[in-house]
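Protein chains: 2
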Amino acid sequence: MTEKKGGKELVKEEGFVKQITPKSEDFSRWYVELIRRAELADYAPLKGMMVIRPYGYSIWENIQRLLDQRIKASGHQNAYFPLFIPESFLKKETEHLQGFSPEVAWVTQGGQEELEERLAVRPTSEAIIGYMYSKWIRSWRDLPVLINQWANIVRWEKVTRPFLRTTEFLWQEGHTAHETREEAEEETRLILEMYREFVETELAIPVIAGRKTEREKFAGAMETYSIEGLMSDGRALQMGTSHNLGQHFSRVFNIRFEDRQQQLQYVWQTSWGVSTRLVGALVMTHGDDSGLKFPPQVAPIQVVIVPISLGNWKEKVLPQAQKISSLLREQEMRVYLDAREEFTPGWKFSEWEMRGVPLRLEIGPRDVQNNQVVLVRRDNREKITVPLSEVVAKVHQVLTEIQKNLFHLAGQFQQENTCQTEDYQEFKEIIETKRGFLKAYWCGQTTCEEKIKEETQATIRVIPFGQPEGVATHKCLRCGAKAQWLVYFAKAY
Amino acid sequence: MTEKKGGKELVKEEGFVKQITPKSEDFSRWYVELIRRAELADYAPLKGMMVIRPYGYSIWENIQRLLDQRIKASGHQNAYFPLFIPESFLKKETEHLQGFSPEVAWVTQGGQEELEERLAVRPTSEAIIGYMYSKWIRSWRDLPVLINQWANIVRWEKVTRPFLRTTEFLWQEGHTAHETREEAEEETRLILEMYREFVETELAIPVIAGRKTEREKFAGAMETYSIEGLMSDGRALQMGTSHNLGQHFSRVFNIRFEDRQQQLQYVWQTSWGVSTRLVGALVMTHGDDSGLKFPPQVAPIQVVIVPISLGNWKEKVLPQAQKISSLLREQEMRVYLDAREEFTPGWKFSEWEMRGVPLRLEIGPRDVQNNQVVLVRRDNREKITVPLSEVVAKVHQVLTEIQKNLFHLAGQFQQENTCQTEDYQEFKEIIETKRGFLKAYWCGQTTCEEKIKEETQATIRVIPFGQPEGVATHKCLRCGAKAQWLVYFAKAY
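Chains D and S, in that order, are what the protein sequence lines are. Take numbering that gives the first Met the number 0: the last position of the first sequence gets the number 492, and nothing is skipped along the way. Take numbering that gives the first Met the number 0: the last position of the second sequence gets the number 492, and nothing is skipped along the way.
Derived by calculation from the structure, the hints in this document are not laboratory data. None of the values given here were measured: they were computed from a predicted structure. It is possible that part of the hints are untrue.
[Stated by the list, open to error] Pairs of lysine-lysine residues, derived as DSS-like cross-links and limited to a Cα-Cα distance of at most 25 angstroms, are as follows:
1. K450(D) - K393(D)
2. K71(S) - K322(D)
3. K46(D) - K46(S)
4. K46(D) - K91(S)
5. K157(D) - K216(D)
6. K157(D) - K452(D)
7. K46(S) - K134(D)
[Unchecked claim] Just so you have them, the derived chain D footprint on chain S, three or more residues with Cβ under 8 angstroms:
8. 80-90
9. 102-111
10. 192-201
11. 241-249
12. 363-374
[Claimed, not checked] One side only, chain D facing chain S, incomplete, derived with CB under 10 angstroms:
13. M49
14. R164
15. L336
16. A338
From the three backbone atoms N, C-alpha and C, an ideal C-beta is built for every residue, glycine too.
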């Protein structure tokens, strides 16, 4: 069903290829060039900071909307806590401070005065929220506290890359408090599952869910769970984390409640988040040499309508295009009618391909005559001629198919790039050449984990849920000691 | 139709009155006590900062949703610019720097290193956005640029009050660039009108729209327009501003475009914003001695359902209450069913009155028997018995009526507290005793404006649009020179 591109389109494609490094040639350059060229983001005149442009921000708005629905449906409420955290608060939890202090931006002056105490621009909000919870929580009747915040975060990163790691980023951070250890663990896992379902359904990115090792967990957490995606260069990306904080912060910030037996207890807490990094994941998972490829569910524009500017198209074609645009908009679809006169249809085709619009709708004088339009899918370039009367239904159907297909393709890629080995030499070779996920047995010792990282740059991404039978009959990949876990290794962002 | 409160409710009300200073006794204390008691916000452990709690944040979410729709419908797109602004950028526009530098929080350390240049935590974003626009705008075809951002802002304020003036607050800031002076002026006025319509329709707060004087305008603007509400203590509150920036920033940041005649020109800009201050405006406009009173359009909870806990209410009443709750939710209404067992219905009544829920729905064993419910309006305490079959339609109708009535009442108050005088002595007396808006003629001189402020604390809130005929035949309130404008004075927040 897939049609070959005509000569005209090919020329345009070549024109485009000249502008952006092909993905196959240099993935990193392709990534940053595409992000700027497609106007997702631009560099700010500050080290490691970016500006999220309207086209990129629109994806974040879609992510926010779709995830916020899920956060609220599971009983959480949004709130807003201060941007600044006094240094003394961060210092209260040593592990937490050590984890974050190399990355903190400090406010030392307010107006004309030097501050007596430095203020951290929040690198995460456990400390300030913990303090507030200690004021709000008195009794078991006040629990659980299920609060989320959408906010900006600052971490003074040395090496940055748009969306993936920037000095400032946007995220949501959930912070909950519970009566029992079990409830906190249940919440932590529930949220991880919410993230998995959200990322797979809406972003069309398949992920591996599991537990982080001691070495990789959040500074101050008892357990960290994570979902990990595999980008199309074979590197893993941590896409969301959910932490069971135990009583670490409640002991430090004295968050106590009177339990059902009138005994004072420390609450059990969780925290969890996803960030604008997800936009980078979309680029790296679905993009190709022609540019971006957005899943319809989060695409800024789902359908671009390009009227073919031949003859008296403004009288004959444009009104029809406008009518179709209105019809689709009425169905809540995100539509852009590109009626600009300064660009040719061919230029527009490759421009909107590059910018990742899932579906193009072409309409020319002959289509108007024949009461039809032509749909062109971004995912597989299939061309579909559709009678005018069926446009709305067909567009809806094709968008659903594209969403599914992108998830399918990414799943296929992940499968093809997931190996299992018990041979450390083979492990090194795969990591060096092909990358991808590598499943291997591990003794559970941090020293071994660190050696493997030193020697291969691969880290343990997760200890997946659902361990196979008889792990203990296997040996650790590196040291040969009795295996404790089957884990996923990868080079990661 | 309004029923007197029964003895039982009165007792509860008295119980409540003990907890919060009555509005009539001390407005300022009433305001801050109510905000904390109703859990809109709490003090953060940082000077001048607050935590917006879920109940308060929900109002901000409603404001965001309803305003964002309008911002997008008028062709604007959202984006996100960096939190930090290098000091050198702020210094480029002298007037702007002087206006903001006393209020800036400065980041001087990142990680372990001292920064070479101080970074301002954004007090507003004209400078950083201007810089980016200079990179993005090349031709008249790139114009207009219509961008908005939802963000947090920091201003190191000396005197603070929750929602009204805090060191950190949330807002939206629009920043646009245009081909001509006329288009920029048109945008500035269009946005002011959007704000007026939004605030009057959704927040039920009548406002006076007009132009600011030279003294009161935004640092760096050519013209500032504003909408001003009258709070129920007779003080004015600036609720939204729209600035025509002229070419001030485009000249400084070199934002130029090739016009239709291939000539390089500086763009014409605007900026505009409303903030979490609007939540404070809702409290101060509609609240009374019993507490908050939210307009249904932005109320966190529109209907609270209180089952009357008599006899075997859990079997007889609760299921009916749950059914009604579901029915209302299906109609997109924000409903809370308060089935808590540890509180009496009477306690719940006054609790939810205090928290400003527009409509209470009571249902007891007898109501279930009679297939009815009782609605109680927060605005006028009217009780309405409604057959079960009509509940959804009636609730919808009553909520619409409450929205209208709150706007009507606030309009009445504004009218009753707006005077006009040509006598400075009388002016002083009214400002001192009754406050409110005072319309008076003014010569247009800043010196006169400043003297009036010194002598009475009243400032010129706006020069309203639609000046009356023959202003020049009148004399300035203070100096007696020929009047140039009829203006609104008030003591303001």
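Right, here's what the structure says about each hint:
{"no.": "1", "hint": "K450(D) - K393(D)", "verdict": "55 angstroms, violated"}
{"no.": "2", "hint": "K71(S) - K322(D)", "verdict": "21 angstroms, holds"}
{"no.": "3", "hint": "K46(D) - K46(S)", "verdict": "29 angstroms, violated"}
{"no.": "4", "hint": "K46(D) - K91(S)", "verdict": "20 angstroms, holds"}
{"no.": "5", "hint": "K157(D) - K216(D)", "verdict": "20 angstroms, holds"}
{"no.": "6", "hint": "K157(D) - K452(D)", "verdict": "20 angstroms, holds"}
{"no.": "7", "hint": "K46(S) - K134(D)", "verdict": "17 angstroms, holds"}
{"no.": "8", "hint": "80-90", "verdict": "holds (count 6)"}
{"no.": "9", "hint": "102-111", "verdict": "holds (count 10)"}
{"no.": "10", "hint": "192-201", "verdict": "violated (count 0)"}
{"no.": "11", "hint": "241-249", "verdict": "violated (count 0)"}
{"no.": "12", "hint": "363-374", "verdict": "violated (count 0)"}
{"no.": "13", "hint": "M49", "verdict": "8 angstroms, holds"}
{"no.": "14", "hint": "R164", "verdict": "14 angstroms, violated"}
{"no.": "15", "hint": "L336", "verdict": "14 angstroms, violated"}
{"no.": "16", "hint": "A338", "verdict": "13 angstroms, violated"}
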